[in-house]
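Chains as they are written, first to last, in my numbering: chain C, -5 to 643; chain R, 265 to 683.
Worth flagging that the hints you see were computed from the coordinates, not collected in a lab. Owing to the predicted nature of the structure, the values given are computational and were not obtained by experimental measurement. The beta-carbon is built from N, C-alpha and C at its ideal position, and this holds for glycine as well. Be aware that one or more of the hints could be misleading.
Simulated coverage check for chain R against chain C, where a stretch passes if three residues somewhere in it have a Cβ under 8 angstroms from a Cβ of chain C [to be verified]:
| hint | stretch |
| --- | --- |
| 1 | 299 to 306 |
| 2 | 321 to 327 |
| 3 | 404 to 410 |
| 4 | 418 to 428 |
Just the calculated beta-carbon pair ranges, DEER-fashion [said to hold, decoys possible]:
| hint | chain 1 | residue 1 | chain 2 | residue 2 | range |
| --- | --- | --- | --- | --- | --- |
| 5 | C | T337 | R | N282 | 48 to 58 angstroms |
| 6 | R | G535 | C | N467 | 29 to 39 angstroms |
| 7 | R | S624 | C | A461 | 17 to 27 angstroms |
| 8 | R | T348 | C | N142 | 55 to 65 angstroms |
| 9 | R | N282 | C | E14 | 34 to 44 angstroms |
| 10 | C | E14 | R | S676 | 19 to 29 angstroms |
| 11 | R | A670 | C | I(-2) | 49 to 59 angstroms |
| 12 | R | I476 | C | S512 | 29 to 39 angstroms |
| 13 | C | N467 | R | S536 | 45 to 55 angstroms |
| 14 | C | P522 | R | T367 | 25 to 35 angstroms |
| 15 | C | S482 | R | I476 | 34 to 44 angstroms |
| 16 | C | N467 | R | N642 | 53 to 63 angstroms |
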Amino acid sequence: MSGISQLLNAGISGLQAALEAMQAVSNNTANANTPGYNVESVQQTELTGLSGQPGIGTQVISIQRAFNQFVYQQLVQAGSANEAAQTTQTSAQTLSSLFPVASGGATGLGSSISSFFTAANAVAQDPTSQPNREVLLTDARSLASAFNSLGTQLQTSVTELDGQMNSSVSQINELTQQIAACNTQIAIQTNSPSGAPNSLLDERDDLVQQLGQQIGITIDPTANGGVDIYTGGGAALVTGGNSFQLSAAPDSYGDGTVQITYGPTGQNITSNLSGGVIGGLLSARSQMVSAEGSIGAIAVSLANAVNIQQSLGLDLNGNLGGAIFSVGGPTVLPSTTNGGNATMTASIIATGSLTAGDFLITKGASGFDAVNTATGESTALGIGPALSFNGMTLTVSGTAANGDTFLLQPTDEAAQSFSVTMTDPSKLAAAAAYVATPGSNLGDVQATVTGGVAASALPAGTPVIAASQFGQNLTISFTSATTYNVLSSSNAVLASGSFSATNGGEVAIDYPSPPAPSGTVVGIALSPGTVGAGDSFTLTPGGIGSNGNITAMADMAQQNLLSGQTLSSAYSSLVGTIGTYGQGAAVAAQAAQGVLTQAQTVQQSISGVNLDQQAANLVSYEQAYQAAATVIGTAQTLFTALLAAVQAG
Amino acid sequence: MQISTSEFLLGSLNDMLNQQQKANTLNTEIATGQTLLDASDDPAGAAKVLNAANLISQYKYDQSNAQAATQSLQNGVAALQQVTNLLTSLQQTALQAADTTTTTTYRQSLVQTAQGALAQLVQLANVQGANGQYLFSGTNAGVVPYSMLPNGQVVFNGDAGTNEIQIGPSLSVPSSMSGSGIFTNIPAGVDGVTVSADTSNSGDGYAVVGGITNISQLASARLAGTQYEISFATAPGGSLTYTVASGTGAPGSSGFTASSGIVSSGAFNGGSDLTFSGIDVRISGSPSAGDSFDVQAGATTSMFQTIQDLISALQTTPNTGNNAQLQQQVENVIANLTGAQTSALSAQASYGSSLQEIQSVQSQVTSLTTTTQAQLANVQSANLPQVMANYSESITALQASEEAFAKVQGLSLFDYIQQ
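In isolation and in its complexed conformation, chain C is listed as follows (with noise of 0.2 angstroms):
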């Protein structure tokens, strides 16, 4: 009697398991697609007879998610990794672009800065002609317009990476709110009698996935199948039930940088977050910045020197001559949060000490230190109140407190302000400001003359003529083989000088200041050799024909205006190091993307569904089906045998 209801049962329990084991395998096939989502499968045992005796049927004791949490957190690792990775690709991509280098760079800026000084030799080699003029003031606007465009585009990606990283902070807080309330839900269900919640365990997993791909995080499983989840500096992110909200906001110091706090504490946390999303922008974000300000520092050097020439020669009209081109100069932010009430300007005194980069003022208690933003050195520079640094001098009015902060950015406005003011092609100083004729001379002195020299770096004793007698005819009369003077064009004796057969003598004429730079003189070099009392030489400002200040402007263009290089090697190796940032940026993303993949292969190998393996699955528990279906069938026939025989008897 109990054989054949225990033969019922058992097939029954076979029945059902089978239908829950399909059940499963359809649920893996539909869901064979779905991102997170882990195989999964029927965890079935015997139900035990008694001893001796057969078991009586089988019981699925839980339906089962493929999961290993080492194989996920590679997983989520690689993810983070590759969405940095490629993120700074795309942004590296966007940045090489700007600077061209297709048929040797001929739309690029450095192409920009040789027509300028090309068109510079041109007007060299005939200063008189009108038509050279007005091409170097068309070159001059091409490349201001190449300064500017570059510098606009520089500035726009900085500002849409700024946008895509608020909106990944959006992104990740709205994640981990998802996170803190899936882990509420799990805690919940986890212990319940059903089993695993699995469905709500992959979602989880699958949202921190996400949220890996958006920030650099570190995963703690904890109990109750809950996790907790930490930036890589350590801020906790999600902790249980709870989490805790990013937020992105402009810096304290005005300039639109945006900076990612952590919410609980205030604190600016943006230094110590890497990987994912936000790491990827974060590092493009200063290349970018880095970018800007090292064409900022071509374009303010290129400026000054251009206008600086520009003021030591003479126009066609007999003048000195103005400035060129207009540029922006180096910004000072104090931060919202400072205590004191100092401000703080900077301006600009040897283009050639200047250096790329931003930096972070701050006071402490023996003075200021300015700390590289980028590369973090760090350099004290007194107390003040004229701070010498990099090329520049900054004046600090008003008190600091202790630990206020300002905000360095020496170029990075440059490129985008850079300008031309010259409208009047004749205004372009082409000439020498003083050129020598000798008069009927005994001696065989001959005099060179040399615009723009230093005063420091003249002879002691050197006779300079005052910079109100400049532009006038002036000359040099020997009074006897080792003395002359200076006479004005009305023959009064402006200085007097010593002169010594072999070592020549020097004569100097003040600059009028501005627009000539300050301590800056015309030179007189007066040869060594032989002369006679009488002998004299006329200085009468450069001619229109003169060519002698146009050649020291296209001469600049050889010239290491800065940090030891020319303009040129300067562009050329910023798009060095812009080309080394995208290559590594390419490799970095092709190795994250093949770390990923890897990764990817793993977990999947592990968790994936396999079609096939399903289609063999139900296969078998169909024939399972079939199988307790007939032991059901048989039982039934052994019954009715049974019953018939016992009406029978």
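Position chain R relative to chain C; hints supplied.
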């Protein structure tokens, strides 16, 4: 190892996308003929390409400068050649002026020739370059360098400033010139030593500078502004003696006498050279007692003045007897013409050597350009046969992976277990 179905499909898709990207890159390389299209393709190469392009553009303007300088210097040399020819023909005229048998009518026609030559010389000195600017005005390019005043005097309005222009790496040559030192402000006589006869001389002697015997002695005399007076007197025996006195003022003036000192003296033998203070003065003809000659050590003149002196010599009608003054005048003109020749020729030589320098530097710059262009091409240009081969390779690979995908994605066990 089990592979999930979606992973398998995704993997194949990624493979195909990679192949497509590779084919696309190669396609761009074929279309542009360049492999280095983005700095990140080859950062070191990118910097090299930009530096090379910059060098090439510098060489280009070196070349263009060389052409401009060549043109300007050639114009100058051409003008100076004509000046030399002009001066040579004037030498003939001067000799004819010295010839007292030349008829007055012929002298007048020679005056006209000389006047024509003067006008021509002014024209040559005022020659303009292709850009309409005066070649010899120094930096005052817009001003006529030499203008003739109503009194016939020619004045220089320019300055001595000359332009230099770069024709090669750190190498500049003069690209313009000034007439000062070529047409004007040139040493008079022989190396600046001139002789003039006192207007009251009664003998028929005239003096020429035979040469310089001691350059350094002359140089110090010149710097000191020393002038000399050669005077002749009759010795007690009736023979002729000479005395050379030196001083710093003009001979004959009180300043001169005050500082005078006898530098040389002795008996005068006709036709002999007097040598003093490094100067050799030859007295031709027979001076009389009481005659004197002034010798100046550092005098300058201009080509224009020399021609004017020639004209005035031509306008002098020779006496039937003593023509010592005219002889003296013509000898001075001949010495000055020779000095003018020297000036024009040395200017030509100096421009010629600049031209030669330009030519040799230009060929160097050309070969530098070629080398740099080759370097640039080496880094940037695509090796087309290689790229084409790679391209067809990658297209083949792409096709193969597409076909494989098409076949494999059709395989599913479910297809076979359907009833």
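Results for each hint:
{"no.": "1", "hint": "299 to 306", "verdict": "holds (count 7)"}
{"no.": "2", "hint": "321 to 327", "verdict": "holds (count 4)"}
{"no.": "3", "hint": "404 to 410", "verdict": "holds (count 4)"}
{"no.": "4", "hint": "418 to 428", "verdict": "holds (count 6)"}
{"no.": "5", "hint": "C:T337 with R:N282: 48 to 58 angstroms", "verdict": "holds, 56 angstroms"}
{"no.": "6", "hint": "R:G535 with C:N467: 29 to 39 angstroms", "verdict": "violated, 51 angstroms"}
{"no.": "7", "hint": "R:S624 with C:A461: 17 to 27 angstroms", "verdict": "violated, 44 angstroms"}
{"no.": "8", "hint": "R:T348 with C:N142: 55 to 65 angstroms", "verdict": "holds, 57 angstroms"}
{"no.": "9", "hint": "R:N282 with C:E14: 34 to 44 angstroms", "verdict": "holds, 43 angstroms"}
{"no.": "10", "hint": "C:E14 with R:S676: 19 to 29 angstroms", "verdict": "holds, 24 angstroms"}
{"no.": "11", "hint": "R:A670 with C:I(-2): 49 to 59 angstroms", "verdict": "holds, 56 angstroms"}
{"no.": "12", "hint": "R:I476 with C:S512: 29 to 39 angstroms", "verdict": "violated, 51 angstroms"}
{"no.": "13", "hint": "C:N467 with R:S536: 45 to 55 angstroms", "verdict": "holds, 50 angstroms"}
{"no.": "14", "hint": "C:P522 with R:T367: 25 to 35 angstroms", "verdict": "violated, 55 angstroms"}
{"no.": "15", "hint": "C:S482 with R:I476: 34 to 44 angstroms", "verdict": "holds, 39 angstroms"}
{"no.": "16", "hint": "C:N467 with R:N642: 53 to 63 angstroms", "verdict": "holds, 56 angstroms"}
Of the numbered hints given earlier, the model fails hints 6, 7, 12, 14; all others are met.
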